[in-house]
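Listed below, chain by chain, are the residues.
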Amino acid sequence: MDAYLFIDFGSTFTKLTLVDIEKEEIIATEKSYTTVETDVTIGYENALKKLKEKVSVDYNIVKKLACSSAAGGLKIIAIGLVPELTAEAAKRAALGAGAKVIKTFSFKLNNSELEEIKNSNADMILLAGGTDGGNCDTIIHNATMIEKFNISIPVVIAGNKSSNDEVKEIFGEKIEYYVTENVMPNLNHINVDPARETIRSIFMKKIVHAKGMENVEESISGILMPTPASVLKAAEALSKGSRDEDGIGDLAIIDIGGATTDIHSIAEGAPSKPGVILRGLEEPHSKRTVEGDLGMRYSALSVFEAAGTRTMKKYLKYKDIDIEGEFKNRYTNTSYVADSEQDIDFDEAMAKVCADISMKRHAGVVETIYSPMGMMYSQEGKDLMELPYVLGTGGVIVNSLNPREILEASLFTMEDPTSLKPRRPKFLLDKEYILSAMGLLTTIDPNMAVRMLKKYIVEI
Amino acid sequence: MEKKKIVLGVIGSDCHAVGNKILDYSLSDAGFDVVNIGVLSPQEDFINAAIETSAEAILVSSLYGHGEIDCRGMREKCEEAGLKDILLYVGGNIVVGKQDWNEVQQRFLDMGFDRVYPPGTSVETGIKDLKEDLYK
Numbered sequence: 001m002d003a004y005l006f007i008d009f010g011s012t013f014t015k016l017t018l019v020d021i022e023k024e025e026i027i028a029t030e031k032s033y034t035t036v037e038t039d040v041t042i043g044y045e046n047a048l049k050k051l052k053e054k055v056s057v058d059y060n061i062v063k064k065l066a067c068s069s070a071a072g073g074l075k076i077i078a079i080g081l082v083p084e085l086t087a088e089a090a091k092r093a094a095l096g097a098g099a100k101v102i103k104t105f106s107f108k109l110n111n112s113e114l115e116e117i118k119n120s121n122a123d124m125i126l127l128a129g130g131t132d133g134g135n136c137d138t139i140i141h142n143a144t145m146i147e148k149f150n151i152s153i154p155v156v157i158a159g160n161k162s163s164n165d166e167v168k169e170i171f172g173e174k175i176e177y178y179v180t181e182n183v184m185p186n187l188n189h190i191n192v193d194p195a196r197e198t199i200r201s202i203f204m205k206k207i208v209h210a211k212g213m214e215n216v217e218e219s220i221s222g223i224l225m226p227t228p229a230s231v232l233k234a235a236e237a238l239s240k241g242s243r244d245e246d247g248i249g250d251l252a253i254i255d256i257g258g259a260t261t262d263i264h265s266i267a268e269g270a271p272s273k274p275g276v277i278l279r280g281l282e283e284p285h286s287k288r289t290v291e292g293d294l295g296m297r298y299s300a301l302s303v304f305e306a307a308g309t310r311t312m313k314k315y316l317k318y319k320d321i322d323i324e325g326e327f328k329n330r331y332t333n334t335s336y337v338a339d340s341e342q343d344i345d346f347d348e349a350m351a352k353v354c355a356d357i358s359m360k361r362h363a364g365v366v367e368t369i370y371s372p373m374g375m376m377y378s379q380e381g382k383d384l385m386e387l388p389y390v391l392g393t394g395g396v397i398v399n400s401l402n403p404r405e406i407l408e409a410s411l412f413t414m415e416d417p418t419s420l421k422p423r424r425p426k427f428l429l430d431k432e433y434i435l436s437a438m439g440l441l442t443t444i445d446p447n448m449a450v451r452m453l454k455k456y457i458v459e460i
Numbered sequence: 001m002e003k004k005k006i007v008l009g010v011i012g013s014d015c016h017a018v019g020n021k022i023l024d025y026s027l028s029d030a031g032f033d034v035v036n037i038g039v040l041s042p043q044e045d046f047i048n049a050a051i052e053t054s055a056e057a058i059l060v061s062s063l064y065g066h067g068e069i070d071c072r073g074m075r076e077k078c079e080e081a082g083l084k085d086i087l088l089y090v091g092g093n094i095v096v097g098k099q100d101w102n103e104v105q106q107r108f109l110d111m112g113f114d115r116v117y118p119p120g121t122s123v124e125t126g127i128k129d130l131k132e133d134l135y136k
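One line per chain: the protein sequences are U and F, in this order.
Our numbering applies: residue 1 is where the first sequence begins, and numbers increase by one.
Our numbering applies: residue 1 is where the second sequence begins, and numbers increase by one.
Don't read these hints as lab results, they were simulated from the structure.
Glycine residues also receive a C-beta, built at the ideal position from the N, C-alpha and C atoms.
Treat the hints with care, as some may be off.
[Claimed, not checked] DSBU-like, lysine-lysine: derived pairs with alpha carbons at most 30 Å apart:
hint : chain 1 : residue 1 : chain 2 : residue 2
1    : U       : Lys-148   : F       : Lys-84
2    : F       : Lys-77    : U       : Lys-103
3    : U       : Lys-23    : U       : Lys-100
4    : U       : Lys-161   : F       : Lys-98
5    : F       : Lys-77    : U       : Lys-206
6    : U       : Lys-211   : U       : Lys-52
7    : U       : Lys-168   : F       : Lys-5
8    : U       : Lys-455   : U       : Lys-240
9    : U       : Lys-205   : U       : Lys-103
10   : F       : Lys-5     : U       : Lys-161
11   : F       : Lys-3     : U       : Lys-168
12   : F       : Lys-3     : U       : Lys-161
[Stated by the list, open to error] Computed footprint of chain U on chain F, listed as stretches where at least three residues anywhere in the stretch have a Cβ under 8 Å from a Cβ of chain U:
hint : segment
13   : 2-15
14   : 27-40
15   : 45-53
[Claimed, not checked] A few chain U residues that don't get close to chain F, going by computed Cβ distances all over 12 Å:
hint : residue
16   : Ser-32
17   : Thr-35
18   : Glu-45
19   : Lys-52
20   : Lys-75
21   : Phe-107
22   : Ser-112
23   : Cys-136
24   : Pro-154
25   : Ser-242
26   : Ile-248
27   : Val-398
28   : Asp-445
Start from the sequences, fold in the hints, and give me the full structure.
Right, here's the structure in full:
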């Protein structure tokens, strides 16, 4: 029997998914704690050993593909001109490529900002600024500064096309650079896909080597992309379908991890009611937002900060516990797995807080305006009110007995009437935890990926 | 000849979208590269758009009578944002009630606008002035 092996080097767990190619079935999945401190190979080998013990039939692995978010994942610095325009567009492009945006800069950079970039642990710089035919001075200034400070990080140039030649000349042999299309060719219209693809290809070629993954690289066909990019690809496949398979339509994914909570929405997000005027930067159809302060383990303390005792109590069944102590415990012991009923209740309450806040930050906002023509509404961001599906993934949701309750925390409530959160979607669950693996599969067989997604993503 | 870039929009809480479309169409037709930021636009949106696109003029329309409040301080903000010598035009029903036009015009000129148009001005007048100011 021929099989594909998909590997996800996560920040907390390394997960394996073994797929039977002919039957289009999952043979087995397995996970093991990721060993970033020593050598990621150890976690991988452990999981592989467990997987072998689990599977009794003979199989022949045709392809091994991996994605990774281990060792902090892909870290990008985004540079643009106006904070709300090209700087924001650059940030969105980087997020969509599966990166963690560690800092966004705007306008002409100064010496101390360049020092900050030089001393950061960023893997890449995304340099934007100016619409096509618009401002050239700022991006040229910033390129000159990058060259002057001898930045050794690869730079993706995605700014005003009229400045490209000059920027290339400035970088010359000294700075490693890649040119791609402008992230904002016309005002308020964003074009994030070319920059995303460029970032992904550099990630494949270079970044994984810097993360101590050469050892595993030899035994697998390659680490193709950052895990969040892979999840976004799977989401797109499930929503839009492929050439021969239909998709299911608009959806949002809530992915609660150990360090961050990601929301992906595949939807246009146009106003669902009449009389609404759209404002602000155009939204990408496939949008990803990352909440670096919302996660189950590494970010446990910041969840406490964002939620406070009161919001936690709203979701807790067992309210007479040392809430702060529980958060601290999860932060210091990241491999902690909740087993008692009380501990699981606490983890689920945390997950609800993550779902609630992250969806609020992802969805758009509507504002009432009183004008001489009567009451009007202005919308910024995506309107997800009528979104048909919300899909849950990530350890805490997948392993929960009540995944639906966690996802329900992300819905619209009258407590927050201006937020455009989904109102009554159907809930889906990534029960077998296969989204990242299916994102990898889209790169070799998109039709099969859509079929398997439709088979394994279940309604709850 | 290279097309001159201009930023066009309706300021403040004003949502007169039809006039905005007519202006956009007429100005584009007259050979300008129009960056239309649409209705309900705060001053900052005009200025940000002008920075990113390196526009040479900002055209503000206002029809709901609160133009004076909405436009105050715009020239100063342009200066702060480094938009030196950018042309600022304003037109429409820019003040409340019936006021003496000469006084109104002077008030907007004092606020730093280069051209001020009363209600009922035809778009051709604006186009003629723009050509004169931009190609001088």
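Hints, verified against the model:
Among the hinted pairs, Lys-148 of chain U with Lys-84 of chain F is consistent with the structure: their alpha-carbon atoms are about 28 Å apart, no more than 30 Å. Among the hinted pairs, Lys-77 of chain F with Lys-103 of chain U is consistent with the structure: their alpha-carbon atoms are about 26 Å apart, no more than 30 Å. Between Lys-23 of chain U and Lys-100 of chain U the CA atoms are separated by roughly 36 Å; this puts the pair beyond 30 Å, and the hint is violated. Restraint check for Lys-161 of chain U and Lys-98 of chain F: the C-alpha separation of about 49 Å exceeds 30 Å, so the hint is violated.
Note on Lys-77 of chain F and Lys-206 of chain U: the hinted pairing is violated, with a Cα-Cα distance of about 44 Å set against a maximum of 30 Å. Restraint check for Lys-211 of chain U and Lys-52 of chain U: the C-alpha separation of about 27 Å stays at or below 30 Å, so the hint holds. Note on Lys-168 of chain U and Lys-5 of chain F: the hinted pairing holds, with a Cα-Cα distance of about 26 Å set against a maximum of 30 Å. About 15 Å separates the Cα atoms of Lys-455 of chain U and Lys-240 of chain U, which keeps this hinted pair within 30 Å; it holds.
The straight-line distance between the Cα atoms of Lys-205 of chain U and Lys-103 of chain U is roughly 23 Å, inside the 30 Å bound, and the hint therefore holds. Between the alpha carbons of Lys-5 of chain F and Lys-161 of chain U the distance comes to roughly 17 Å, so the proposed pair stays at or under 30 Å and holds. For the given pair, Lys-3 of chain F sits about 26 Å from Lys-168 of chain U by alpha-carbon distance, which is consistent with the 30 Å threshold. Pair hint Lys-3 of chain F plus Lys-161 of chain U holds up; C-alpha atoms about 17 Å apart against a cutoff of 30 Å.
With 4 residues carrying a beta carbon less than 8 Å from a beta carbon of chain U, the segment 2-15 of chain F meets the three-residue requirement, and the given coverage holds. Remark: the segment 27-40 of chain F is confirmed as covered by chain U, as 6 of its residues place a Cβ nearer than 8 Å to a Cβ of that chain, reaching the required three. Look at the segment 45-53 of chain F against chain U: 5 of its residues bring a Cβ nearer than 8 Å to a Cβ of that chain, three or more, so the hint holds. Here Ser-32 of chain U stays apart from chain F, with its beta-carbon at least about 48 Å from theirs, past the 12 Å limit.
Against the 12 Å criterion, Thr-35 of chain U stays outside the reach of chain F, whose nearest CB is about 46 Å from its own CB. No Cβ of chain F comes within 12 Å of the Cβ of Glu-45 of chain U; the nearest lies about 51 Å off, and the non-interface call holds. Even its closest Cβ contact with chain F, about 56 Å, leaves Lys-52 of chain U beyond 12 Å, as expected for a residue assigned away from the interface. Taking the minimum C-beta to C-beta distance to chain F, about 26 Å, the non-interface status of Lys-75 of chain U holds against the 12 Å cut.
With a minimum CB-CB distance of about 9 Å to chain F, Phe-107 of chain U fails to clear the 12 Å threshold, and the non-interface call is violated. Distance check for Ser-112 of chain U against chain F: the nearest CB is about 20 Å away, which clears 12 Å, and the non-interface claim stands. The claim that Cys-136 of chain U is not at the interface with chain F is violated, since a C-beta of that chain comes within 12 Å of its own (minimum 7 Å). Taking the minimum C-beta to C-beta distance to chain F, about 25 Å, the non-interface status of Pro-154 of chain U holds against the 12 Å cut.
With a minimum CB-CB distance of about 36 Å to chain F, Ser-242 of chain U clears the 12 Å threshold, and the non-interface call stands. Remark: the non-interface label on Ile-248 of chain U is consistent with the geometry, its nearest Cβ contact in chain F lying 33 Å away (cut-off 12 Å). The claim that Val-398 of chain U lies off the interface holds: its Cβ sits roughly 42 Å from the closest Cβ of chain F, which is beyond the 12 Å cut-off. Chain F leaves Asp-445 of chain U outside its interface by the beta-carbon criterion, the shortest separation being 41 Å against a cut-off of 12 Å.
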